[in-house]
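Construct all of the structure, not just a fragment, from the sequences and the given hints.
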Amino acid sequence: MYVVALVLLLLAAAVVLLFAMMGELSSRLPGPEGAATGRLAPVAGYREDATSSDWPEELASLSHEPTTALLVLSPICTTCGKVAASLTARTLDAPVGLVISSHGRSRGEEFIADHTLQDFPYFIDDGGVWTSSKIGINQSPTALLFNEGKITAAYSFSDVSAILQMLGHKITEDAT
Amino acid sequence: MSLTGWMLVGGDAVVAALLVRSSALKAVTPDVIADALAELSRGRWRPSARAMRAVAGIELTAALAITAPSLRVAAWVITGLLGISFVVLGTAGLLTGSTRPCGCFGAESERPLGVPSVLAGSAFLALAAINIADAGDAGMTGAHVGVAVVAAVIVLTWTLAAHRREAMAMISTGRLAP
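From first to last, the protein sequence lines stand for chains A and B. In terms of our numbering, the numbers along the first sequence are unbroken and rise by one, the last being 224. In terms of our numbering, the numbers along the second sequence are unbroken and rise by one, the last being 158.
Warning: the hint list may mix true and false statements.
Label pairs and their calculated CB-CB ranges [as the list claims (entries may be wrong)]:
(1) A:N195 x B:T79: 22 to 32 angstroms
(2) B:R22 x A:K130: 13 to 23 angstroms
(3) A:H112 x B:L61: 51 to 61 angstroms
(4) A:V52 x B:T41: 16 to 26 angstroms
(5) A:G93 x B:R22: 19 to 29 angstroms
(6) B:R144 x A:V52: 20 to 30 angstroms
(7) A:Y50 x B:M150: 29 to 39 angstroms
(8) B:T41 x A:H112: 56 to 66 angstroms
(9) B:L61 x A:Q166: 41 to 51 angstroms
(10) B:T137 x A:V52: 10 to 20 angstroms
Here are the simulated lysine to any residue pairs, SDA-like style, with alpha carbons at most 20 angstroms apart [unchecked claim]:
(11) A:K130 x B:R26
(12) A:K130 x B:R30
(13) A:K198 x A:E105
Rather than coming from a laboratory, the hints here were simulated on the basis of the structure. Every residue, glycine too, gets a C-beta built ideally from N, C-alpha and C.
As C-alpha cells, then:
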C-alpha cells in the first residue's frame, strides 16, 4: 500500500515537472505575429514627469528621435543576459538606448563588452541611482518608452522583439 | 488515530506537497531563485544553476522521506533546516526590499522573497519540532500512507488548477504542445 502511495506522489512530481518544462519550452519559442506584446507587463510607479532632458549625456544622441525606448538591464539578471544576447543588427536600426544598472562601473562595462553592445548608445548607471531617482524604477529588465521626449510607459519584458514591435507601431502612427 | 494525529497528517502532507512542487520547478528553472539570491547580495554572489538543482534534490529527498516512517526524524531535521533558511532569506528579502520573483515553493506568482517565505519557513520549523517530538508515537506509524496520498492529491490539484488552460488544451488536442 505504501509503495502505491509513494508511486502516486512521484507521479504527481512528474506532472509538475511536465508542466514546468512545457512552460519553459513555450517561453523559448517565438510566438505568432502580433503575440509579442503578450510578453510585456506594464510597470507602475514610474515618474510620469520624466523627460529626455533628464537623460545622461551618453544617451543624448537619441533625444531627437520622436519615439525612443531605453532598456534598463542589469548584469545580475538572467533575463537581461538573454535580452542582451538577442539585441541583433535589426535592433540597431531602432531608436533604442541601453541603461546598464550595475554595482560598479566596471561590471556594467564588462556586461557591454561580453554582449558586444558597444554600438548602442549606452549609459552605465552605477548603483541604479539614475533609474531610481530620475525614473522611479528599480527593476530590470524594464523598457522605458518616450514619445516626443516625455515618458509614456514602462514595461517589464523578456523578449526585445515585443518592444521593437511596439516601437514600430508607434513610429508608424507618428508618420501617418 | 486522534484528531490531532489527523491534523498532523494534513500538515505533513502540505509540507511534502510544497517541497515536491518547489523541487520540481527549481530543477527546471533554477535561474529564477538564483537571480533572487543575486539581488539579495547586491550582485556580489550568484549561485550556479547546478547548486540550485542540488537544493531541489535535497527538497525532493526530504519530501519523499517525510512519507517514510523509518526516515521520519531525518526527514524533519532536513525540513527544519530548510525552514530556517526560508525564514532567513525571507527576512533578508524584507530588509533589503527584494523585488525579483523568487518562484518560492513553485508559486507561479511574481512575489519576491518576503513575508510568505518567513511564514512558510516558520510553519516548517513548527511542524519539524512537533514531528521530531512525536517520533515515538506508535499511532502515527501507520499514517505515512495517508501523508503520501494527501500530498499527491494536493500537488496534482494545485498543478492542474494553475495550468488548467494547458491541461484542457492537452485533453482536447490529445498532444503535448506548449
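To see whether the hints hold, each was checked on the structure:
1. The hint said 22 to 32 angstroms for the Cβ distance between N195 of chain A and T79 of chain B, and at roughly 26 angstroms that hint holds.
2. About 21 angstroms separates the C-beta atoms of R22 of chain B and K130 of chain A, a value consistent with the hinted range of 13 to 23 angstroms.
3. Taking 51 to 61 angstroms as the suggested C-beta distance range, the pair H112 of chain A and L61 of chain B conforms, at roughly 58 angstroms.
4. V52 of chain A and T41 of chain B have their C-beta atoms about 20 angstroms apart, which keeps the hinted 16 to 26 angstroms range intact.
5. The given range of 19 to 29 angstroms is respected by G93 of chain A and R22 of chain B, whose C-beta atoms sit roughly 21 angstroms from each other.
6. Against the hinted window of 20 to 30 angstroms, the Cβ-Cβ separation of R144 of chain B and V52 of chain A comes to about 27 angstroms, which satisfies the hint.
7. In this structure, Y50 of chain A and M150 of chain B meet the distance hint of 29 to 39 angstroms, their C-beta atoms being roughly 30 angstroms apart.
8. Distance hint for T41 of chain B and H112 of chain A: a CB-CB separation of about 60 angstroms, consistent with the stated range 56 to 66 angstroms.
9. Between L61 of chain B and Q166 of chain A, the C-beta spacing of about 46 angstroms keeps the proposed range 41 to 51 angstroms intact.
10. Here the CB-CB span from T137 of chain B to V52 of chain A is close to 19 angstroms, well matched to the stated 10 to 20 angstroms.
11. Taking the CA atoms of K130 of chain A and R26 of chain B, the gap is near 16 angstroms; set against the 20 angstroms cutoff, the hint holds.
12. Using a Cα cut-off of 20 angstroms, the hinted pair K130 of chain A and R30 of chain B holds, with the two alpha carbons roughly 19 angstroms apart.
13. Taking the CA atoms of K198 of chain A and E105 of chain A, the gap is about 17 angstroms. The hint holds against a cut of 20 angstroms.
No hint from the list above goes unmet by this structure.
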